[in-house]
Amino acid sequence: MQFGYSETCLAHDTGERHPETADRLRAIRRALAKRHGISYVEADPSDEESVASVHDDEYVEEIREFCRDGGGNWDPDTVASEDTWEAATASAGLAQWAAREAADGADGRDTPFSIGRPPGHHAVADDAMGFCFINNAAVAAQTLLDDPDADVERAVIFDWDVHHGNGTQDIFYEQGDVLYASAHEDGLYPGTGDIEETGAGDGEGTTLNVPLSAGAGDEDYLLAVDELLRPVVERFDPDLFVVSAGFDAHRHDPISRMRVSTEGYALLADRVRSIADDVDAGLAFVLEGGYGLDTLSEGVATVHETFDGRTPMEPDNEPSESTEQLVEDVRRAHDLDD
Numbered sequence: 049m050q051f052g053y054s055e056t057c058l059a060h061d062t063g064e065r066h067p068e069t070a071d072r073l074r075a076i077r078r079a080l081a082k083r084h085g086i087s088y089v090e091a092d093p094s095d096e097e098s099v100a101s102v103h104d105d106e107y108v109e110e111i112r113e114f115c116r117d118g119g120g121n122w123d124p125d126t127v128a129s130e131d132t133w134e135a136a137t138a139s140a141g142l143a144q145w146a147a148r149e150a151a152d153g154a155d156g157r158d159t160p161f162s163i164g165r166p167p168g169h170h171a172v173a174d175d176a177m178g179f180c181f182i183n184n185a186a187v188a189a190q191t192l193l194d195d196p197d198a199d200v201e202r203a204v205i206f207d208w209d210v211h212h213g214n215g216t217q218d219i220f221y222e223q224g225d226v227l228y229a230s231a232h233e234d235g236l237y238p239g240t241g242d243i244e245e246t247g248a249g250d251g252e253g254t255t256l257n258v259p260l261s262a263g264a265g266d267e268d269y270l271l272a273v274d275e276l277l278r279p280v281v282e283r284f285d286p287d288l289f290v291v292s293a294g295f296d297a298h299r300h301d302p303i304s305r306m307r308v309s310t311e312g313y314a315l316l317a318d319r320v321r322s323i324a325d326d327v328d329a330g331l332a333f334v335l336e337g338g339y340g341l342d343t344l345s346e347g348v349a350t351v352h353e354t355f356d357g358r359t360p361m362e363p364d365n366e367p368s369e370s371t372e373q374l375v376e377d378v379r380r381a382h383d384l385d386d
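Just so we're aligned, residue 49 is where the sequence shown starts under our numbering, counting upward by one.
Among the hints, a few may not be true.
Claimed, not checked - Restraint-style ranges between C-beta atoms, simulated for each label pair:
hint, residue 1, residue 2, range
1, 101, 71, 28 to 36 Å
2, 263, 242, 17 to 25 Å
3, 261, 311, 16 to 24 Å
4, 366, 104, 42 to 50 Å
No lab work stands behind these hints, which were simulated from the structure alone. It should be emphasised that the depicted structure is a prediction, and the values quoted were computed from it without experimental measurement. All C-beta atoms in this analysis are idealised placements derived from N, C-alpha and C, irrespective of residue type, glycine included.
Build out the structure end to end from the sequences listed, making use of the hints.
So, in structure tokens, the structure goes:
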């Protein structure tokens, strides 16, 4: 794979004992150093016009000034430093690079994966939250939609982070050209992502939420992807497929209760590759969460190995009854039983 990376993203300082630290990127780089076929690209930072395509001008100016003044606690969880805005625009720029590479046809061993920080999927149009300042995946998708030379009319953002990406959902909730799909732990921060949240106005039916019960594992996630994500994406027929790739649903992540294995992330990567291929959409990955350094780094590395030719192993277990019922409920909400 090609990995988008910038040293600028290390400068975002969240202080001691915060789970979202620069060590996350350092751990990923160490794990990838043990694999072959790795290449790194440093992209230009996102410009003001791109950020403003999904964020309010007043918010952009407010958070930029907050960082210029030295930063601090924007909210109890979201911490900024003097260098945060520069890191956030670098992170968004890497996501834009990944989406553009995908739209231009990069695939197989050249599939792009941006490993920037801070993450983005909780950032709403007018506020930072959940460790996020700029919604990286949203900026990336909107940039390609706005570019007449990109030949992207519809985009999918599939969010497999353990937390629901409320920011991405909110930004595109009334847009008909972006499908936001999320498989997340039910009831976890920020408390959004119910089945009934399906979009509104022009975006009615273009939001897919799969709130899995705590303890869901590989087999549960795969059922959701096979029975829900695939048919909804096939019906939507996108030109671009962006994965908001968090690795905090791992069974050993310190801040979730899910049971996804490292092999499970290889399986998820293989599934989304298959879906993207079948609908002829460019595929890009954008890093979100993941707060156990070993599980995060091995998760990213196993996604790379999957695109480098390794075939993942299917799980032995069957999905839980609660997941099977959830899938049926979501199918009905999206008229997939017709």
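Going through the hints against the structure:
Restraint check, residue 101 to residue 71: a C-beta distance of roughly 31 Å satisfies the suggested window 28 to 36 Å. Between residue 263 and residue 242 the beta carbons are some 19 Å apart, a value that agrees with the proposed interval 17 to 25 Å. Checking the proposed 16 to 24 Å range against residue 261 and residue 311 shows it holds: the Cβ atoms sit about 21 Å from each other. Taken as a hint, the range 42 to 50 Å holds for the pair residue 366 and residue 104, whose Cβ atoms sit roughly 46 Å apart.
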